[in-house]
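Peer 1: Start from chain A and add chain B according to the hints.
The listed protein sequences derive, respectively, from chains A and B.
For the record, in the first sequence the residue sitting at position 282 is 282 according to my numbering, with numbers rising by one throughout.
My numbering runs 292 ahead of the 1-based position in the second sequence.
It should be emphasised that the hints constitute simulated quantities derived from the structure, not laboratory data.
Do not take every clue at face value.
Claimed, not checked - These stretches of chain A come out as covered by chain B in the derived footprint (C-beta under 8 Å, 3 or more residues):
no., segment
1, 65 to 72
2, 169 to 183
3, 198 to 211
Here a beta-carbon is modelled for each residue, glycine too, at the ideal position from N, C-alpha and C.
Protein chains: 2
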Amino acid sequence: MVRKCDYMIRKQMSQKSKMAEYAQLEPHQFRKLCRDAKHTSHTSGACEKYAQANLIVLPKEYANDFVNLCLRNPVPCPLLCQTPVGDPFKVDDSRYLQKGFDLRTDFPSYNIYENGELRLTKTDVRDEWSSNHIGFLIGCSHSFEHELCENGLVPRHLTLGRGVPVYKTTKRLDPSGVFINCTYVVSMRPYKPEDVPKVRKITSSFKKTHGEPVDWGYDGAERLGIPDLKRPDFGGQPVIHDNEVPVFWGCGVTPQLVVMQQKDKIRGPVISHTTGAMLALDITSEDIKRIG
Amino acid sequence: MVRKCDYMIRKQMSQKSKMAEYAQLEPHQFRKLCRDAKHTSHTSGACEKYAQANLIVLPKEYANDFVNLCLRNPVPCPLLCQTPVGDPFKVDDSRYLQKGFDLRTDFPSYNIYENGELRLTKTDVRDEWSSNHIGFLIGCSHSFEHELCENGLVPRHLTLGRGVPVYKTTKRLDPSGVFINCTYVVSMRPYKPEDVPKVRKITSSFKKTHGEPVDWGYDGAERLGIPDLKRPDFGGQPVIHDNEVPVFWGCGVTPQLVVMQQKDKIRGPVISHTTGAMLALDITSEDIKRIG
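Excised from the complex, chain A in its bound form (with noise of 0.2 Å):
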């Protein structure tokens, strides 16, 4: 028990220390890094002053439902930019990647769907990735977090070298198409509930990466229909301080709970990034601020 106990504080001293190098890199170069399989898991930290993107991957067919569906629902699914058919090397907003990126390979990590269920999970979808799917980049949490920091409100899970916790809830997307029957994901961080305030705040200018939080308190994580706050569905084991309360903001894993949700009405593979595991985009924090 001491041994593994001491192996974990090892394990998270090594990822820490490992971040706090990733944390100063241009984004090109983490997506190398990506990119060669030499960092394959949670990207919280990483290219600090930069944002980050969640990814999904749909055959065509699903394209116009899918933009409609983040259209109508933002701050779950705050739509960044889209590629071609077929093209993981373009998007069509080149404010937030500029050339020599390869969608395919750059997220530290990817789920396969099939039928709405995850087949696999790799560090590389050259294969998966056919001439009829369309990549979806979508806003990201991580994006504010160097914020946060900056303004002495580092979330939990930075301390602790973990990825954010994230939870499914029971709060129901506003339908588009074939996607009916979709419920928000969100991630979590513990603040003081003085703080909510300021961190509702600095948060809220983020629009285009989930903005401010959907709900706050133990009150919120009951609304949210969140069983047990001690059991995330995804990222890591979180720790609330006796004074501190929840604070929810809405998750671009959203996307992908929702293509499960579809189950067998989704026909041929899905792609997305693993949770937690995100690109590294060209666009600083700072920047991306300033896109409503």
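Peer 2: Just chain B now, with coordinates in the frame of chain A:
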């Protein structure tokens, strides 16, 4: 009892024939009728080829939070345009309204709220609209009713010559600044279950006027927390046939409820349209469909 029925039928017939006349008017002609207090009730079917708008007028200190609330919740609150501070004769997007309008008089009637409570209903708010107020126009589902009619899917309340039935729900908006604990208001039109996909498809194009339904079916009513469909909170009395289900759309009365839900957190008078009694816009329903 016979006489009351007779009176109601005659009243409905007269409303229906009036609306048939109003259906053919140009928006500026219909606005003039409202300005002169010659039409003071609901506008379902008026200027049938043109879109309509809801109104909320707030003291300027709440404008940023309100705009952000709309951006975060575009289904119940599709923001079309806004006025400069204190100027009811201009809006910031001339696609919706051209010259020659006065937002203080051109709606059939207005509600005036103080500390979240309805104080007064008037046909003209020239005395209440101060130099500190900003007016916001919100898309209205009346705008897609013409296209439903063209496709043989005539909304029941038009057949009956009534306003559309409108309900409060327990579905929560994502909060923005001062606006927290807000819930959706929805309008309801009954359809046969087999027509729901077509109804969803037709209305999904109208992204600036609530788009496709937020939910449908008696299970949908339950999910939305509507306790009794026979008792709408606003609008006309519903008639749902045995072979039909209720279909619910986001409703532009939501901002009024949002203001009421904030109670005395919103200081100073707030002005709105009255439920179902909208502004006739200069943009056609066909053209508003093209605005995403």
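Peer 1: Indicate, hint by hint, whether the structure satisfies it.
Peer 2: A quick look at each hint next to the structure:
1. 65 to 72: holds (count 3)
2. 169 to 183: holds (count 6)
3. 198 to 211: holds (count 4)
In this structure, none of the earlier numbered hints is contradicted; all agree with it.
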